[in-house]
Amino acid sequence: MAVAAPFNFKQWIDKHRHLLKPPVGNVQVWEDAEFIVMVVGGPNSRKDYHYNEGEEFFFQLEGDVTVKIIDDGKPRDIHIKEGDIFLLPPRVPHSPQRGPNTVGLVIERKRETKELDGFQWYCENCGEKLYEEFEYVTDIVKQLPPIFDRFYNNAEHCTCKKCGTHMEKPVKRVD
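Start counting the sequence shown at 1; every next residue gets the next number (the numbering used here).
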């Protein structure tokens with residue numbers, strides 16, 4: 001196998017910047033690698049939390065990001081400023097909240113075939129878990145919309161059994 005040459009990462013980001021906006025918002029740097037190396041742009045609007053069996057590395061390149069997490073059953077915000085790095089431990093539900101004109105590098109390891117990614121929603125009022133699904137993900141563009149539809153199109157899934165708060169679907173941002 002030939003070893004790829006180094007390249008200027010800032011130039012690579014500038015070339016792909018048009019893809020770092022809604023609706024997709026991220027671009028994978030290498031396709032056939034042991035790590036999933038992504039550049040992620042904002043804005044985004046999401047209420048789901050991602051659950052991953054492995055660690056996730058965040059390097060915030062442009063602007064700041066808030067990563068909402070569930071820490072020992074309680075919601076908490078992690079603020080990552082431009083230039084900061086952060087290593088999210090495995091099995092911590094998290095929901096990156098990216099503002100306009102933000103760019104970050106996110107690195108995850110590829111999943112083994114037995115590893116499932118989780119998608120979870122928590123009550124915005126009391127923090128109770130509303131719904132979750134786990135799936136072996138190979139194509140986020142094709143596989144995630146049906147999971148999100150199953151949640152948002154079912155009033156029972158969106159309504160907290162503890163406090164009765166109903167979660168609305170997030171408004172898509174196009175900043």
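Any given hint might turn out to be false.
Unchecked claim - Below are the DSSO-like pairs computed for lysine-lysine, each with C-alpha atoms no more than 30 angstroms apart in a straight line:
hint, residue 1, residue 2
1, K162, K110
2, K110, K161
3, K68, K114
4, K21, K110
5, K161, K21
6, K10, K74
7, K114, K47
8, K81, K129
9, K74, K47
10, K15, K114
11, K47, K110
12, K10, K162
13, K172, K15
14, K172, K161
15, K10, K81
16, K162, K81
17, K74, K15
18, K172, K129
19, K172, K21
20, K21, K129
21, K15, K162
22, K129, K110
23, K172, K74
24, K68, K10
25, K110, K172
26, K68, K81
27, K114, K81
28, K114, K129
29, K15, K81
30, K129, K74
31, K10, K21
32, K81, K161
Claimed, not checked - Ranges between beta-carbon positions, derived for each pair:
hint, residue 1, residue 2, range
33, D14, G99, 27 to 33 angstroms
34, K110, H16, 42 to 48 angstroms
35, H157, T66, 31 to 37 angstroms
36, Q11, G54, 25 to 31 angstroms
37, N154, H79, 30 to 36 angstroms
38, E135, Q28, 42 to 48 angstroms
Since the hints were made in silico from the structure, they are not lab data.
Note that the structure is a prediction, hence the values are computed from the model and not measured.
We put the beta carbon where it would ideally sit given N, CA and C, even for glycine.
Hint check:
1. K162 - K110: violated, 36 angstroms
2. K110 - K161: violated, 35 angstroms
3. K68 - K114: holds, 26 angstroms
4. K21 - K110: Holds. K21 to K110 sits at ~24 angstroms (cutoff 30 angstroms).
5. K161 - K21: Violated - the C-alpha atoms of K21 and K161 are around 35 angstroms apart, more than 30 angstroms.
6. K10 - K74: The given pair, whose Cα atoms are some 37 angstroms apart, is violated under the 30 angstroms limit.
7. K114 - K47: Between K114 and K47 the Cα gap is close to 26 angstroms, so the pair holds against 30 angstroms.
8. K81 - K129: Roughly 28 angstroms between the alpha carbons, so the hint for K81 and K129 holds.
9. K74 - K47: holds, 15 angstroms
10. K15 - K114: Given pair K15, K114 is violated - Cα atoms ~35 angstroms apart, limit 30 angstroms.
11. K47 - K110: holds, 24 angstroms
12. K10 - K162: The hint is violated at about 47 angstroms.
13. K172 - K15: holds, 24 angstroms
14. K172 - K161: holds, 26 angstroms
15. K10 - K81: Status holds; Cα separation ~18 angstroms.
16. K162 - K81: violated, 35 angstroms
17. K74 - K15: violated, 40 angstroms
18. K172 - K129: holds, 23 angstroms
19. K172 - K21: holds, 11 angstroms
20. K21 - K129: Given that 30 angstroms is the threshold and the Cα spacing comes to 29 angstroms, the pair holds.
21. K15 - K162: violated, 48 angstroms
22. K129 - K110: holds, 27 angstroms
23. K172 - K74: holds, 26 angstroms
24. K68 - K10: Distance ~27 angstroms between K68 and K10 Cα, so the pair holds.
25. K110 - K172: holds, 28 angstroms
26. K68 - K81: holds, 14 angstroms
27. K114 - K81: violated, 34 angstroms
28. K114 - K129: holds, 24 angstroms
29. K15 - K81: Since the Cα atoms of K15 and K81 sit roughly 24 angstroms apart, the hinted pair holds (cutoff 30 angstroms).
30. K129 - K74: holds, 10 angstroms
31. K10 - K21: Measuring from Cα to Cα gives roughly 17 angstroms; hence the hint holds.
32. K81 - K161: violated, 36 angstroms
33. D14 - G99: 27 to 33 angstroms: violated, 19 angstroms
34. K110 - H16: 42 to 48 angstroms: violated, 21 angstroms
35. H157 - T66: 31 to 37 angstroms: violated, 25 angstroms
36. Q11 - G54: 25 to 31 angstroms: holds, 29 angstroms
37. N154 - H79: 30 to 36 angstroms: holds, 33 angstroms
38. E135 - Q28: 42 to 48 angstroms: At 19 angstroms between Cβs, range violated.
In summary, the structure is inconsistent with hints 1, 2, 5, 6, 10, 12, 16, 17, 21, 27, 32, 33, 34, 35, 38 from the numbered list given earlier, while agreeing with the others.
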